[in-house]
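With the sequences and hints as input, model every part of the structure.
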Amino acid sequence: MDSKRAGNQTVVFGSPPVILASYSVVGPKEGQGPLGKTFNKIWKDQLNGEKSWELAESKMLQEALQGSIDEAGITKDRIDFMLAGDLLNQIVSSNFAARQIALPFIGVYGACSTMALSIALGSMLIDGGFAEYVLIGVSSHHDTAERQFRAPTEQGNQRAMSAQWTVTGAGSVLLGKQGVGPRVTAATIGRVIDYGETDANNMGSAMAPAVADTILNHFQDLKRTAQDYDHIASGDLGTVGIALAAEVLKQSGSDMGTVFTDCGIRIFDSTQDVHAGGSGCACSSVVFAGDLMQRLKAGELKRVMLVGSGALHSPTSALQGESIPGIGHAVVIEA
Amino acid sequence: MTNQSLREPTLSISPEDYKTLAKSYTPKPTIVKNILRAFFVGGVICAIGQVIINFFSLIGLTRAEASNASTATMIFFGALLTGLGVYDEIGKFGGAGSIVPVTGFANSIVSPAMEFKREGYVQGVGAKLFTVAGPVLVYGIAASIIIGVIAYFIH
Amino acid sequence: MFNMILPAFFVGGLICVIGQLLMDLTKPSFTPAHVLVTFVTGGAILGALGIYEPLVKFAGAGATIPLSGFGYSLAKGAIEAVGKRGILGALSGGVEATAVGIAAAVFFGYLMSITFNPKG
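Residue numbers (the working numbering), protein chains in the order written: chain A, 1 to 335; chain B, 336 to 490; chain C, 491 to 610.
I should point out that these hints are in silico values taken from the structure, not numbers from a laboratory. For glycine and all other residues, C-beta sits at the position ideal for the given N, C-alpha and C. Just to be clear, a hint being listed does not mean it is correct.
Listed next, the in silico SDA-like pairs over lysine to any residue satisfying Cα-Cα at most 25 Å (straight line) [to be verified]:
hint, chain 1, residue 1, chain 2, residue 2
1, B, 427, A, 159
2, B, 358, A, 200
3, A, 51, B, 363
4, C, 517, A, 321
5, B, 354, A, 315
6, B, 363, A, 159
7, A, 51, A, 89
8, B, 427, C, 521
9, C, 574, B, 487
10, B, 363, C, 528
11, B, 354, C, 574
12, B, 452, C, 593
13, B, 363, A, 160
Listing some non-contacts, in silico: residues in chain C with all C-beta distances to chain A over 12 Å [unchecked claim]:
hint, residue
14, 491
15, 504
16, 513
17, 514
18, 522
19, 573
20, 575
21, 582
22, 586
23, 589
24, 590
25, 604
Printed below as a string of structure tokens:
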């Protein structure tokens with residue numbers, strides 16, 4: 001029937017959309033990390049003059065979105081859709097940024113997998129003939145996330161060793177029907193997988209099964225293995241999650257070899273006291289928009305799989321004792 | 336609990352086995368280090384409280400009055416250090432050593448109130464002062480009332 | 491000026507160690523708020539049973555500064571008020587005995603909250 005579908009969960013793009021531009025804005029801590037030089041803009045503090053952290057996050061997202069538009073060198077009126085998402089209730093960061101950017105807006109929520117999910121959706125819109133240009137942006141902010149999900153930032157709590165640090169940042173890409181740049185060739189939409197993890201301080205363990213499930217289905221759908229990729233990056237599994245995912249994949253018959261890594265463990269180093277690594281929508285977003293895009297454009301990486309990892313709980317569901325459902329979305333980008 | 340999906344799960348590991356696997360991969364808290372730090376920080380905070388009690392006794396307050404005044408003073412310092420942004424650093428290091436003393440109680444009052452100031456002074460600061468203090472007062476006062484009633488019937 | 495400092499240090503430290511064990515060895519859903527509620531209620535019960543009083547006499551601030559000391563004051567206040575005033579003392583005694591602490595918490599808490607901003 002559909003020549004665009006492959007297997008159970010994967011779509012293959014007939015005319016792979018081009019990533020025409022990318023832009024990343026991060027906070028000071030991320031700027032001091034190992035990937036500091038790959039980001040376009042580093043803020044000097046968490047507020048940058050805004051009145052609240054929520055307003056700061058929205059401003060950061062706006063800057064990233066505008067950065068992509070400027071770098072692509074096209075006028076804003078040529079963009080057909082804007083897809084954006086974040087971690088806040090009702091994705092307010094994105095809503096308020098969308099108010100300023102004023103394009104037809106599709107709000108997306110995939111928790112920390114929102115970047116990969118948005119790239120998949122944006123590519124479907126273009127390859128399906130519904131758009132010529134799609135603007136994508138995703139943000140998160142350490143302080144807005146702490147306030148909403150965990151505790152006030154000045155409260156003297158001790159964080160668990162498995163806990164992760166929400167990345168303060170915003171990453172954006174601009175997709176186009178034609179042009180020069182790395183191309184999105186396929187996408188695998190994940191299923192929600194919940195293996196009963198109730199500890200909100202151990203997101204890695206909660207998301208690992210979902211990421212593994214998506215990767216396995218992706219391989220089965222496209223009849224590929226890990227060796228067909230130069231680089232497979234999960235969004236924010238952290239040190240605990242990526243070890244678990246690799247082990248689960250191995251037990252399920254898929255040895256990931258040496259190409260499997262995680263944006264959350266790359267964005268901070270061990271001196272920054274982030275315990276299990278970075279997390280948040282911006283984690284995969286700024287690492288992709290910065291480091292991965294640069295290496296794709298330079299020809300250093302030829303075929304990359306970005307697997308966004310999301311924990312689909314809420315503070316309320318956690319208080320009610322519910323477990324944390326996870327999801328993973330994969331997109332393939334080729335130079 | 337696993338989702339009811341249309342296809343069998345692709346993964347070769349059952350949820351129960353995964354739980355065991357996850358436990359073995361999850362780092363345990365550094366209990367011995369935490370205990371030593373909690374002991375030291377908690378001890379220092381209480382020692383400071385004792386010096387304050389002694390000071391108030393020296394200037395003429397009774398034992399009970401000095402104890403009350405010392406508690407109030409420690410609350411003041413806990414609140415101040417939270418406002419200055421210092422108490423969360425003490426908490427990261429000291430764990431229960433900074434949470435259990437009454438200075439930690441003050442920290443749990445000021446931190447949410449400060450955080451939610453941007454939502455206004457009534458519903459932000461006013462309401463959020465009690466996110467942690469509220470349960471402490473509810474259960475503490477309720478316990479004391481029940482104890483009082485029991486004491487009444489015993490005598 | 492410095493008498494009773496060592497007992498205060500040791501007993502206060504040990505009480506905090508109990509809190510640390512509670513935090514580290516229980517499920518993640520047992521938050522710091524749960525720890526504080528446990529301490530205040532525990533202090534009230536131990537105070538009612540007469541077990542906390544000797545600790546206060548021996549260690550002073552080491553017993554009164556941890557939140558269990560607050561529970562002890564609540565229980566002691568309720569029991570003493572019942573002796574003086576009958577059943578109504580059960581309601582008033584605890585709150586009256588800890589009025590200084592509660593008022594200080596509310597007032598200084600409010601003052602610091604409106605003066606400073608969170609730093610993240």
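These are the hints, each one checked on the structure:
1. The suggested pairing of residue 427 of chain B with residue 159 of chain A holds, with an alpha-carbon distance near 8 Å, which does not exceed 25 Å.
2. Restraint check for residue 358 of chain B and residue 200 of chain A: the C-alpha separation of about 14 Å stays at or below 25 Å, so the hint holds.
3. Annotation: proposed proximity of residue 51 of chain A to residue 363 of chain B is violated, straight-line Cα distance about 39 Å (limit 25 Å).
4. For the proposed pair residue 517 of chain C and residue 321 of chain A, the alpha carbon gap of about 11 Å is at most 25 Å, so the pair holds.
5. With a C-alpha separation of about 22 Å, the suggested pairing of residue 354 of chain B with residue 315 of chain A holds against the 25 Å cut-off.
6. With a C-alpha separation of about 12 Å, the suggested pair residue 363 of chain B and residue 159 of chain A falls inside the 25 Å cut-off, and the hint holds.
7. For the proposed pair residue 51 of chain A and residue 89 of chain A, the alpha carbon gap of about 19 Å is at most 25 Å, so the pair holds.
8. For the hint pairing residue 427 of chain B with residue 521 of chain C, the CA-to-CA distance comes to about 15 Å; that is within 25 Å, so the pair holds.
9. For the suggested pair residue 574 of chain C and residue 487 of chain B, the alpha carbons sit about 10 Å apart, so the restraint of at most 25 Å is met.
10. Our distance criterion of 25 Å between C-alpha atoms is met by residue 363 of chain B and residue 528 of chain C, whose separation comes to about 23 Å.
11. Proposed proximity of residue 354 of chain B and residue 574 of chain C is contradicted: the alpha carbons are some 57 Å apart, above 25 Å.
12. This hinted pair checks out: residue 452 of chain B and residue 593 of chain C have alpha carbons roughly 20 Å apart, not beyond 25 Å.
13. Of the pairs offered as hints, the one joining residue 363 of chain B and residue 160 of chain A holds, with about 8 Å between alpha carbons and a cut-off of 25 Å not exceeded.
14. At the 12 Å boundary, the C-beta of residue 491 of chain C stays outside the reach of chain A, the nearest C-beta of that chain being 28 Å off.
15. Listed as outside the interface, residue 504 of chain C is consistent with that label: its C-beta sits roughly 19 Å from the nearest C-beta of chain A, beyond the 12 Å cut-off.
16. Distance check on residue 513 of chain C: its Cβ comes as close as 7 Å (rounded) to a Cβ of chain A, failing to clear the 12 Å threshold; non-interface status is violated.
17. The Cβ of residue 514 of chain C sits about 9 Å from the closest Cβ of chain A, inside the 12 Å cut-off, so the non-interface label is violated.
18. With 12 Å as the threshold on Cβ separation, the claim that residue 522 of chain C sits away from chain A is violated: the shortest Cβ distance comes to roughly 6 Å.
19. No beta-carbon of chain A comes within 12 Å of the beta-carbon of residue 573 of chain C; the shortest separation is about 39 Å.
20. Residue placement check: residue 575 of chain C keeps its beta carbon more than 12 Å from all beta carbons of chain A (closest about 39 Å).
21. A cut-off of 12 Å between C-beta atoms confirms that residue 582 of chain C is not in contact with chain A; the least separation is 32 Å.
22. No beta-carbon of chain A is positioned within 12 Å of the beta-carbon of residue 586 of chain C; the least distance is around 30 Å.
23. Here residue 589 of chain C stays apart from chain A, with its beta-carbon at least about 26 Å from theirs, past the 12 Å limit.
24. At roughly 23 Å, the least C-beta separation between residue 590 of chain C and chain A is larger than 12 Å, which holds for a residue marked as non-interface.
25. Distance check for residue 604 of chain C against chain A: the nearest CB is about 14 Å away, which clears 12 Å, and the non-interface claim stands.
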